[in-house]
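Please construct the entire structure, taking both the sequences and the accompanying hints into account.
Protein chains: 2
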Amino acid sequence: MREVAIVGAGMTPFGELWTSSLRDLFVDAALGALRDAGADHLDAIYVGNMSGGQFVGQEHLGPLMADHLGMAGVPSMRVESACASGGAALRAAFFEVASGASDLVLASGVEKMNDGADVTGVLATAADQESEVYHGITFPGLYALIARAHMAAHGTTLEDLAAVSVKNHRHGALNPKAQFRGEVTLAQVMGSSLVADPLRLLHCSPVSDGGAAVLLCPLERAREFTDRPIKIRATGMATSAMALADRKDPAYLDAVAAAANRAYEMARLGPTDIDVAEVHDCFAIAELCALEALCFTERGRAGEATRAGETTIGGRIPINTSGGLKSKGHPVGATGVAQAIEIVEQLRGEAGDRQVKDAAIGLTQNMGGSGASSVVHIFERV
Amino acid sequence: MREVAIVGAGMTPFGELWTSSLRDLFVDAALGALRDAGADHLDAIYVGNMSGGQFVGQEHLGPLMADHLGMAGVPSMRVESACASGGAALRAAFFEVASGASDLVLASGVEKMNDGADVTGVLATAADQESEVYHGITFPGLYALIARAHMAAHGTTLEDLAAVSVKNHRHGALNPKAQFRGEVTLAQVMGSSLVADPLRLLHCSPVSDGGAAVLLCPLERAREFTDRPIKIRATGMATSAMALADRKDPAYLDAVAAAANRAYEMARLGPTDIDVAEVHDCFAIAELCALEALCFTERGRAGEATRAGETTIGGRIPINTSGGLKSKGHPVGATGVAQAIEIVEQLRGEAGDRQVKDAAIGLTQNMGGSGASSVVHIFERV
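Chains V and W, in that order, give the protein sequences.
So that you can map any letter, position 381 of the first sequence is 381 in my numbering, and since no number is skipped, the others follow by simple counting.
So that you can map any letter, position 26 of the second sequence is 26 in my numbering, and since no number is skipped, the others follow by simple counting.
Just so you know, these hints were derived from the structure itself, not from any lab.
Check the hints yourself; a few may be wrong.
[To be verified] When the alpha-carbon atoms are kept at most 20 Å apart in a straight line, the in silico SDA-like pairs for lysine to any residue are as follows:
| # | chain 1 | residue 1 | chain 2 | residue 2 |
| --- | --- | --- | --- | --- |
| 1 | V | K231 | V | R2 |
| 2 | V | K248 | W | M71 |
| 3 | W | K177 | W | G70 |
| 4 | V | K248 | W | G73 |
| 5 | W | K248 | V | G70 |
| 6 | W | K231 | W | V382 |
| 7 | V | K231 | V | V382 |
| 8 | W | K248 | V | M71 |
| 9 | V | K231 | W | G100 |
| 10 | V | K248 | W | G70 |
As C-alpha cells, this is what we get:
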C-alpha cells in the first residue's frame, strides 16, 4: 500500500451562508485546496454529502461538482455516511491513492442545510426509520437518551456537559472560519433553552452551510506540492447497531472505539501518542462519549477531565481546537473533512492563536447518526 | 496494485416487490453473495444507492445494512452516483481491495422505488436542478432530446429504437430474475403509449425494486472461495457536463467514451476483445449511444447494427443478455452491480439459456443522469 499525504486544504467559512448554493460551497473549498497545493488538475474527486436530495433537491453531486469546478471529465462520486460523510469521503479517497490507481485525489465534503428544508426531519433519516423515527424521535432526543444513560452510569453532571460547550466556544472564538465566535459562560449554557432534557440549546451544534476539501497524493510526490506535507498514518472505520435501543450500552460509542482501535493498530500508535484531536461533538454529550471511546480518558471520566481543563488548548490533550461542531458549525457532509483541515493546520504549525505547541500527531473522529458509523483518521507531520 | 477478483454474487429478482423493504432487498442479495462464496465474514461493505432518503426516508445505509445483515461492526458506507451508484460502489470496493487494506469486501447496490414516492420527481434530482429540472424537464424528456439529436445527426429511426426493446425483451424472457419476461414485437413497441416524443412506453425501463451484491477479494486468495473466480481487469470512470445543454453533442455520451477508454487502457484491451457486455439502456436511445461510445459500432451506426442482429445472443457482440434495464428492471442503485453479476454468470458459463458461447471477457457500462457520470468495468474468466 502506498503512503498517502495531504498536500492542500481549503474550506469556506461555516455558517448561515444564504448567498452561497451547494455548488458554490464545494467550488470555493475545492479551489482553496488546489491553490494551497499549487495543483491544476485532479485524477478523481470524492464528495462527502449527507442529503443534497432532501436539503436542496440535488443528488448526483459527483459530476455536478466536477463540472462546476471546471473539471468535467474527472471521475467523481459522492460518499454518504450521514454526519460521517466527510470522513468516509476521506477514507475512500485514501484507498484510491493508496492503491496506486490515482495520484491527485480530492476528498471533499459539503452541505447546504439553510435552504428551507425541515432540517431536523431530514437529519432524522440518518436514524432507523422503522424502529426509531417512526415513533417520533429525532437526534436531540436520541442524544438526550445517551446523556441520561451516561449520567446514570457514571455520575456525569449537567456542569460536565456545559463545560464542553464553554471550552469549544472559547476555542472557536479564535477561529476565523467558525460560525459562532462568541465565548459563553457555564451559567449561559446551563440557562439556555431546554431542547431535549437534559440537553439545552448551547449543548447542541447549529444548522450550518459549508464546504471543505483536502488534496491527497502519494507521500513520495508530496513535496512537488508543498513543503509541509501531512501524512495520513491511518484510517479506521466501524459501524454499530443502527438503533440506539439495540446497543448493549447506549452511553458507550462502540463504533467509535472499534474505528479508533483499527486506526491505532494501523498507525502502530496509541491514545497517548496523540497531540491534538478533533472529535464529533454534535451534542456536548457526544464529545464526552468520544473521549472515552478514543481512550483519551478512562470510561466515565471524560466530564471530570473536561472540567479540569485537560481538553483545552494548553491542556493534556487539546480537543476541538477549531471550536468543534458546537462553535465552528456543523454542515453535516463537510464536517469530517473540516476536522482533517484543523489537524493539518495544527501539524503545519499554522493554527495561529489556536496553535497546540509542538503538535506532531493528530487525530480526527467523525460519526454518523447516534454513533452507528464512525471514521477515525490519524495524521503525522513529516 | 493487487489484482482483484469476484468470488461470489447474489441478487434478488427485480420487480415490484411490495412485501420487501429496502433493508430486506440488501440482505437477500448480500446473503446470496456470501453463500455463493462460502464466506462468513466481511472486512468492508459498500452500498450503492441513489436515493433512499427521498424514496423511503432512510439515509445512512452503510451501518443500517451491516446491522441487518448481522454484521454490525463491519466498516460500511454508501456510494452514490445516481443510476451509476452500483458501478461506483464496485469501483470503490475495488480500490479498497487493490490497496491491500482489506481482503473481503462486499460491493452492493439496492433501491426501493415502489413505496409511494413521486418516482419521476425523485429521479429528476439526478439532473441539474438549476438549469434543467427547475424548468420542468425530467429524464424521459432529456432522453427524448438525446434521441431527436441522434436521429437528426445520424438518421436513426423509430424502428432502430424499437429494435433495442424487442431484443432486450427477447433476452430478458430467458432471465428468471427479470421484471418483465414477456417478448414484445416491433409493432407493439411502436404502438405503445407515447411518453416523451419520440420515446414510447416500451422504450423506457420500468420502476423497480431490487438488490444485488458481489464479493471481492484479492485474486491470489480467490480459490479459497470459488473454483470460478472472475478477475476485474479494469475500472474506468468519467464525468461530463451535468446539464445536457452544456455538452458539445447531446447525441454522444462523452463520459461513457472517456470511462471506456480508461478501462480499455487499464485492461490493455480494445472493444473487439469483448465477448459480451451489459450497457445502460435506461431508455432505448441510451443503448444505441452507449454502443457507439464504447466503440462497439461506428458512430451513428448502432441502430443499424441492432436491427441487423449484431447485438443479440449469437450475434457479433451480444449486448444486455440479462434483458438489460428495459426487461430485467432498473432499481437504480442496484443496476450497476446487477450488470456485473450477469457478466460473472456469462464468464462462469452459468447463464443457462442466455449463455454466450465461450465468453471469456466481458464489460459493464453503468451511467448516471443523462450520462453525466459513467463507470465501465472489464472482467475476465481466469
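Evaluated hints:
no.: 1; hint: V/K231 x V/R2; verdict: 11 Å, holds
no.: 2; hint: V/K248 x W/M71; verdict: 15 Å, holds
no.: 3; hint: W/K177 x W/G70; verdict: 25 Å, violated
no.: 4; hint: V/K248 x W/G73; verdict: 13 Å, holds
no.: 5; hint: W/K248 x V/G70; verdict: 15 Å, holds
no.: 6; hint: W/K231 x W/V382; verdict: 6 Å, holds
no.: 7; hint: V/K231 x V/V382; verdict: 6 Å, holds
no.: 8; hint: W/K248 x V/M71; verdict: 15 Å, holds
no.: 9; hint: V/K231 x W/G100; verdict: 18 Å, holds
no.: 10; hint: V/K248 x W/G70; verdict: 15 Å, holds
Hint compliance for this structure: hint 3 is the single one not met.
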